[in-house]
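Asker: Sequence:
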Amino acid sequence: MKIYFIVYNIYGMGGTVKTTVNTVNYLVNNGYNVEVISLRRTSKEPLFKIDKKVKVTPLMDVRRGYLYSKNSIFFKKLIKKCLLSIPSLFMDKNEDLYKMFSLFSDIKLVSKLRKIKVGVVVTTIPSLNIISTRVLRKNVIKIGQEHKPYDAHHKELQNRIKCNYDKLDVLTCLTDRDYNYYKNLNKNVFKIENGINLEPQKAKLDNKCIISAGRFSNEKGFDMLLEAFSIVVKKHPDWKLVIFGEGKEKEKLKSIIIDKCIYNNVMLMPKSNKLSEEMLEASMYVLSSRYESFGMVLLEAMTLGIPCVSYDCAGPKEIIKDGEDGILVPEGDIEALAEGINNLIEDKNLRKNLGDKAKKDISRYSLEKIGDKWRYILNNISKNIN
1111 MKIYFIVYNI YGMGGTVKTT VNTVNYLVNN GYNVEVISLR RTSKEPLFKI
1161 DKKVKVTPLM DVRRGYLYSK NSIFFKKLIK KCLLSIPSLF MDKNEDLYKM
1211 FSLFSDIKLV SKLRKIKVGV VVTTIPSLNI ISTRVLRKNV IKIGQEHKPY
1261 DAHHKELQNR IKCNYDKLDV LTCLTDRDYN YYKNLNKNVF KIENGINLEP
1311 QKAKLDNKCI ISAGRFSNEK GFDMLLEAFS IVVKKHPDWK LVIFGEGKEK
1361 EKLKSIIIDK CIYNNVMLMP KSNKLSEEML EASMYVLSSR YESFGMVLLE
1411 AMTLGIPCVS YDCAGPKEII KDGEDGILVP EGDIEALAEG INNLIEDKNL
1461 RKNLGDKAKK DISRYSLEKI GDKWRYILNN ISKNIN
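Residues 1111 to 1496 in my numbering are what the sequence shown spells out, letter by letter.
What the hints contain is simulated information worked out from the structure, not anything from laboratory work.
Because the structure is a prediction, the values reported are computed rather than measured.
Honestly, I wouldn't trust all of these hints.
[Claimed, not checked] Listed next, with one range per pair, are the computed distances between beta-carbon atoms:
1) 1273 to 1222: 35 to 43 Å
2) 1489 to 1225: 22 to 30 Å
3) 1210 to 1489: 17 to 25 Å
4) 1163 to 1380: 23 to 31 Å
We treat Cβ as the ideally placed atom computed from N, Cα and C, and that holds for glycine.
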């Protein structure tokens, strides 16, 4: 039985990409035949290392000089340009990346899906979940994944989810909260958290450095992190904040840094495929998301024994035990976020104790334990479908 994972861009960054890579690597090393179908290719190699036994198939190579071949016939090139200029008909316009899709990507995707005659197809965003139920052959098993909280989706997209998710053979989600909702839409819902490779290394927690990472987008709340850090710096001017990432809000974040006069204490760094190595130099990780499906970066930090401060949105609330292995503060409360950071700065023993407990507790999200859930579904899928 072959398993196909359909993703937007396996060459990119982000929690969905990282957890997909972790999952396919685990499955292929446990005897499964796995292929990743990426709608886009944006670099020569994926940011996160994929096992060589996993076949990777990009549908559109959008690297400079690759989208339009020099040897293409003029008429074919003209048709492609026209198709690329027409908005997608299949992707919901409320998807985060809707503008990156086109009629051309629709055609490439549908063509590939129709060629799959048997096996399991795992899709990773709502529109792909819905498309799979309409395009794939009946004997192909359809597993839809939800990587975002239900209430984080636009109302129109929520309505499409309600009308179509019952057609999926299996639906997976990340949190108890989402499980309790989606079980009303599909009879085969499983809670499968993001899995992570447990790291033997442990951060020393003695550098005056705070780290954070993610897309520079509104949902990640880096604007609130900078506001909170501007409060922290007044008490602790010798501490630094390093944020790794990229995205459309970079200029906005730069403006906040200048307005708050914290340019000597904050560094905006490019995305990194060696984030764990960067984390080892930090004494805490801060997550300031307005909403977070789960929080893959929290797992990465905690497995290194790094204490985390986070808003208590849905995902982090299930990962962090407040006061035991990390600190949770009220969602959107900038002053509380600053206070949580200050508490860790001012109490090294607290940093160490929370970090030690985090490293111990995070074992429940080991790739082996989460992988067992995937193996159970894949090995018993015919029994679960009535």
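Asker: For a quick check of understanding: which of the numbered hints are violated here, in increasing order?
Answerer: 1, 3
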